[in-house]
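Q: With the hints as extra help, turn the sequences into a complete structure.
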Amino acid sequence: MKALLRLYPRAWRERYGSEMAALVDDLPAEIGVALDLLVGAGAAYAMAVRANRILSSAAAYLHGVCVAVLLQAIAFVTLVLVSQQSQGPMIIQLGPIQFGSVVPQSVFRISQLRSALVRTVVDSMPVFGLLASLLVILVLVLAAPRLVRRSLP
Amino acid sequence: MRGASAAISALLLSLVTVAIAEAGLVGLLFVFSYVLKIGLRFDVGSTSLVFTSGAYTGPIVQLYGPSVIASVLFIVACALTTTIWTFRQWRPVK
Numbered sequence: 001m002k003a004l005l006r007l008y009p010r011a012w013r014e015r016y017g018s019e020m021a022a023l024v025d026d027l028p029a030e031i032g033v034a035l036d037l038l039v040g041a042g043a044a045y046a047m048a049v050r051a052n053r054i055l056s057s058a059a060a061y062l063h064g065v066c067v068a069v070l071l072q073a074i075a076f077v078t079l080v081l082v083s084q085q086s087q088g089p090m091i092i093q094l095g096p097i098q099f100g101s102v103v104p105q106s107v108f109r110i111s112q113l114r115s116a117l118v119r120t121v122v123d124s125m126p127v128f129g130l131l132a133s134l135l136v137i138l139v140l141v142l143a144a145p146r147l148v149r150r151s152l153p
Numbered sequence: 001m002r003g004a005s006a007a008i009s010a011l012l013l014s015l016v017t018v019a020i021a022e023a024g025l026v027g028l029l030f031v032f033s034y035v036l037k038i039g040l041r042f043d044v045g046s047t048s049l050v051f052t053s054g055a056y057t058g059p060i061v062q063l064y065g066p067s068v069i070a071s072v073l074f075i076v077a078c079a080l081t082t083t084i085w086t087f088r089q090w091r092p093v094k
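Chains A and B are the protein sequences, given in the same order. 1 is the number of the first residue of the first sequence in the working numbering; add one for each residue after it. 1 is the number of the first residue of the second sequence in the working numbering; add one for each residue after it.
What the hints contain is simulated information worked out from the structure, not anything from laboratory work. Watch out, some of these pointers could steer you wrong.
[Claimed, not checked] Looking from chain A toward chain B, a few residues come up when the C-beta cut is under 8 Å (computed): (1) Val49; (2) Arg53; (3) Ser56; (4) His63; (5) Gly64; (6) Val67; (7) Ala68; (8) Ile74; (9) Pro104.
[What the hints assert, rightly or not] A few chain A positions that, by computed beta-carbon distances, are all more than 12 Å from chain B: (10) Met1; (11) Ala3; (12) Leu4; (13) Ala29; (14) Ala41; (15) Val69.
Beta carbons are placed, not taken as given, at the ideal position from N, Cα and C, and that holds for glycine.
A: As structure tokens, then:
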């Protein structure tokens with residue numbers, strides 16, 4: 001259990017390491033204690049990052065990259081959803097610049113014949129599920145810095 | 001000299017981060033195309049990258065070169081916006 005203390009930042013270990021080691025010795029070796037130590041290590045790093053302007057900016061850079069990737073993933077899934085609702089091919093372009101296109105499949109199977117409405121709803125279910133999960137992840141990523149700031153002393 | 005090398009290191013690190021993010025995004029799109037049973041095709045310059053799962057029933061999404069450039073620019077813009085905002089708003093912890 002004491003090995004988990006190595007996950008803490010060096011400055012933190014130099015200041016509180018011996019006291020924390022004595023405390024961990026008195027605690028039972030349970031998974032709850034290990035989880036507490038892991039969360040504590042994360043909080044200690046968050047405090048160290050927050051205290052430094054350059055590190056804070058670097059963390060913000062990574063946060064911005066994550067948000068941008070998530071937004072693009074959401075845009076892709078939305079594009080698939082919109083293309084499933086439309087009948088013909090779709091072209092995404094800005095003036096003369098063409099970014100992409102969506103071509104619906106023209107394969108028609110008699111054995112899989114269903115009414116158009118049921119087919120659309122059933123086909124869209126995975127897209128809606130994926131879109132909802134991505135939106136939840138985006139909200140969590142956007143809220144994460146505020147949640148971390150609130151949880152720190 | 002030290003400042004210049006630090007700036008170059010920061011620039012290279014930020015570029016590598018954007019490249020990793022782009023690769024991650026392409027990986028995500030491949031996973032999505034498998035899950036949603038659609039065809040995915042990248043046409044960048046004279047290179048084509050096609051991904052189709054076994055029995056795809058959905059549409060074929062084609063992405064061209066400008067979409068890759070727009071994606072990189074969007075990631076860089078988002079990252080720089082949050083970085084500059086945080087750098088300017090930063091206050092020492094009391």
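Q: Taking the least C-beta to C-beta distance, is valine 49/A closer than 8 Å to chain B?
A: violated (11 Å)
Q: Mind verifying the non-interface call on leucine 4/A? Its CB should be farther than 12 Å from each CB in chain B.
A: Per Cβ check, leucine 4/A is outside 12 Å of chain B; nearest 25 Å; holds.
Q: Does proline 104/A pass the interface check with chain B, least Cβ-Cβ distance below 8 Å?
A: Hint holds; proline 104/A Cβ to chain B Cβ min 5 Å, cut 8 Å.
Q: Close enough to count: is the Cβ of alanine 68/A nearer than 8 Å to one in chain B?
A: holds (4 Å)
Q: Checking the smallest CB distance to chain B, is alanine 29/A really beyond 12 Å?
A: Fine: 34 Å to the nearest Cβ keeps alanine 29/A off the interface.
Q: If I take the minimum Cβ distance from valine 69/A to any residue of chain B, is it greater than 12 Å?
A: violated (5 Å)
Q: Taking C-beta pairs only, is alanine 41/A more than 12 Å away from all of chain B?
A: At about 18 Å from chain B, alanine 41/A clears the 12 Å cut-off, so the statement holds.
Q: Does arginine 53/A hold up as a contact with chain B if the rule is Cβ-Cβ below 8 Å?
A: holds (5 Å)
Q: Take the shortest C-beta to C-beta distance between valine 67/A and chain B; is it under 8 Å?
A: OK, holds: valine 67/A within 8 Å of chain B, min 6 Å.
Q: Does alanine 3/A sit more than 12 Å from chain B, CB to CB?
A: Alanine 3/A clear of chain B: closest Cβ-Cβ about 29 Å, beyond 12 Å.
Q: Would you check whether serine 56/A satisfies its interface hint, that is, whether its CB is within less than 8 Å of any CB in chain B?
A: For serine 56/A, the interface hint holds, since the closest Cβ of chain B sits about 5 Å away, which is under 8 Å.
Q: Using the nearest Cβ pair, does histidine 63/A come within less than 8 Å of chain B?
A: At about 6 Å, which falls below the 8 Å cut-off, the nearest Cβ of chain B leaves the hint on histidine 63/A intact, so it holds.
In this structure, the earlier hints numbered 1, 8 and 15 are contradicted, and the remaining ones agree with it.
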